[in-house]
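Chains as they are written, first to last, in our numbering: chain A, 1 to 593; chain B, 1 to 367.
None of these hints come from the bench; they were simulated from the model.
Hints may be right or wrong, so weigh each one.
As the list claims (entries may be wrong) - Between beta-carbon pairs, the in silico distance windows are:
hint, chain 1, residue 1, chain 2, residue 2, range
1, A, 425, B, 245, 53 to 59 Å
2, A, 542, B, 14, 50 to 56 Å
3, A, 424, B, 141, 37 to 43 Å
4, A, 406, B, 188, 45 to 51 Å
Virtual Cβ for every residue (Gly too), placed ideally from N, Cα, C.
Here is what each chain is made of, one letter per residue.
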Amino acid sequence: MAIVAGSDTGIGGQLAPPHYGTPRRKAGFLTHLNSLGIGRNIGILLLLAILAFLALYPLSMLFYGSLHSTPPGMAGEFNLDGYRQILTNENFVILLNTIGISFAKTIPSMALAIFLAWICARTDTPFRGTLEVLITLPFFIPPILTAMAWGMLGNKQVGVINMAWQWLTGLKDSPINVYSYGGIVWHMAQYSTPFLFLFIVDSFRAMDPSLEEASRMCGASRWRTLRRITLVLMMPAIVAALMLSLIRGMENFESPLFFGLPVGISVITTEIYNAINHRATPAYQYATALAFAIMAVMFVLVVIQWMLLHGRTFTTVTGKGYSPNIMKLGRWRWATFAFCILFFLVTVVLPVGQLAVGSFFKFFGFYGWDMLTLDHYRAVLQNTDFWRSLTNTMLLGLMGATATMVLGGIIAYVTVRTRWRGRRLIDALAWLPWMMPGIVLGVGFLWAFAMLPGPFPIYGTIWALLLAYIALGTPIAVRVMSASYHQLSFDLEECSRVHGASWWQTLWRILIALAWPAFAVGWVLTFFGIMRELSASILLYSVGSEVLSVTLLKLWANGQAEQVSVIGLMMMFLVIFFRWVQLKLIKARISTL
Amino acid sequence: MSSVLVEDVSRTFGDVIAVNHVNLRVERGEFVTLLGPSGCGKTTTLRMVAGLEQNTSGRISIGDRVVSDAEKGFFVPPDHRHLGMVFQSYAIWPHMTVFDNVAYPLRIRRRPKAEIEQRVMSTLRLVEMEKYAQRPAPALSGGQQQRVAIARALVFEPEVLLLDEPLSNLDARLRTQMGDEFRALQKRLGITSLYVTHDQEEAMALSDRVVVMQGGHILQIGPPEEIYQRPVSRAVAAFFGSPNLLDARVTASEARGEGSFEVTVAGNGWQGQARAAEKFEPGAPVVVLLRPENIRVGDQAGNGAPMSWSGKIVQAIFRGPRTSVTIDSAGQKLNVEAPALLGARVGDEIQVSVPPGGAWAIRPEAV
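In isolation and in its complexed conformation, chain A is listed as follows (with noise of 0.2 Å):
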């Protein structure tokens, strides 16, 4: 038998003396290193350098720029009129609007999110599979696409919807205008319907159906014992859902941007935007101090939704629960069938119809056979802006999705599944950019940039937009790959190296082999995340390093929809591709694990 003959370990009697030998495999300089812990200390460094870099800096310049009489790298003095500046009634009013949005598109939203996740999670509506998948696509498209979209469909004079109400109705007026506060939150409530429905759904299913069981033993009514029962039990979860939804809200920059700012509209995301870019001589101190100071109570609001969720943010992949009880609708399955359809129609058919049909009409509003042209694609194969802009907006996507999943990768590694000293730091720190709405953190950059010593020429170059998409992608991917390690239990770990196997041989072929399906869904989020970039993008692009978002954003400016129309066709099919790619990976990871 082989294992009886490899005793060669010599005579290990009790009369040999002890020696501190060589071990009988060489140990490797890193082992060394290792060992004394001079390594780690090294790595655990190098990761607060670049956290640092990625979320303290910005932020302290932030509030260095504050109190900053000048724009960026001008010598200047030090004073609080920034502070003093936001301290308006315009501020004010500017101020309620953005509370005020936020709330009138949050509550709307949830009540239809928790709809709709009944329908997916616990009736026996038919292709509740596919419908999930369909009423989710809206989050995933990039708001700019649809913004766009729905300033056609939406618009008083030419809109879509206005025609065909004149047309149906014989009748003048226009019912419909997207520009107004009215629009704002429509086009808001689209994200985060989806949102909130990825977030609460899962809770939906996971419940378990002995609770609602023991409800309807004791005599209540199957209505009663959804209220009574169903919905407290997710009060947790939909008040978390709930107060993110609300943070994101207010961070909002596209919908604001584009249906508030042209008819006077202003919440604070774009008053920065507007007081940098928008005026004759950019108020930079005023737009800095204005986003300290929205940072301050972005910090506040995160703090107590901290503490609601208790670090649980994101459910992303689920393990294996509970079957939950499914209702049996009769033939009302098919009226919430339709529902769902409808709201998938009204969200992603609608405003990508739009986009196909004014990419081939000669002019936006104007429909007739006689109308219809390729022009518009070959303008815009022909244009080199464009060219640059697709060609920047992938090399960063490619780039920023990689570099920002294997910085949280290895963030996420040391603050779950080590007991490292510095860890809790790092943590927080990656956790910085969270409450920095993309604005905020543009301008933080802005500054940070401008005031890098000499050698570094990060300011207006592509770089500039990789750190600002690394930093704002950071937080989810910490999120997503600690979610993944969690569910991997340590004995798989130190088997590997009890058996032979180095940290770094344990690190790659036990836990990054397992992790990997999880890398690869937070790769695609932030691949979304990064193409669907405009408020960071807008204030650190320059020429030549333009993205698309700014691009479209730019053309859309000088009144050519229909080039950005062909623009945001291609971008969707790239959108629906991605999201496709993923569902096949997190469908594998499931059915393998």
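Given chain A, work out where chain B should sit, using these hints.
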């Protein structure tokens, strides 16, 4: 195969002392079990031998090689200790097949392909899993996963095999079967094994020697029979089953040779002979241990036996192979394991006695 030497080893977590100055030697080819309630430090001790925890004081050697010496700041990481380990959860990597799982230690060591193939298959044959080599690991039952975990721990001919409660996730019937199979394999191959469990029956059935631990200390080390019949303390005695521990005083004591003594003890209304490990002075207080299954009941009891009681049955629980009876004899409760066919019922008067050699006297612990 090598021996394991644990010298004066401690492990503290902050203020908590998990393992407190433990000394232990596992000889080559020996099967030693660390036994104790959860939190007694047995798993921490095993993990320190594995190198998964670092001892805060003391020295650990495997074979003639020191692997950890806290005073000298010397520590060999787990991957350089050449040990096999079976985890409580089995830790079968879900992204690999059975073959890949078992081949992992050999691949890490860069062995030639042909050798890997041959060794993995022969080891899988050893645990009767050769038919499952190409199965994905998650598609195995608990018992099969356990066999794969053992195969993986043995395939590279480790110095020592460490096992952390490997049977605790199996159902009762399978647990006994796997335990017996593993013990047979261990004896056949002569594998030095260090085994952790909280299950006393498992410990006694498998081990050459048992180490009873509590609160980070070793209470006693010895062969299963010695631990069970001749415990050194009340705590060790109480760890197995529900023994009768009666307070008594020594009236006489004589040596029987080989460090064994015969003492005459007297309790409240009874007296008799007991064995002991030390010479007690007359008048010294002792605790007399009576195992419930060593007490004879009714007709078997025999009149005139040196140590006997009579009392009323206050509880009788039928357990299938036997009946557990509690007897009240003038306020003294006695647990007795009686034959299943015992005719007596609750309330009956009954006579019980202890045959010579059935009683064991130990020093009462200072409280």
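The hints, checked one at a time:
Distance hint for residue 425 of chain A and residue 245 of chain B: a CB-CB separation of about 54 Å, consistent with the stated range 53 to 59 Å. The beta-carbon spacing between residue 542 of chain A and residue 14 of chain B, approximately 54 Å, falls within the hinted interval of 50 to 56 Å. Distance hint check: the CB atoms of residue 424 of chain A and residue 141 of chain B are about 41 Å apart, consistent with the given range 37 to 43 Å. Under the hint 45 to 51 Å, the C-beta atoms of residue 406 of chain A and residue 188 of chain B, about 49 Å apart, fit the expected range.
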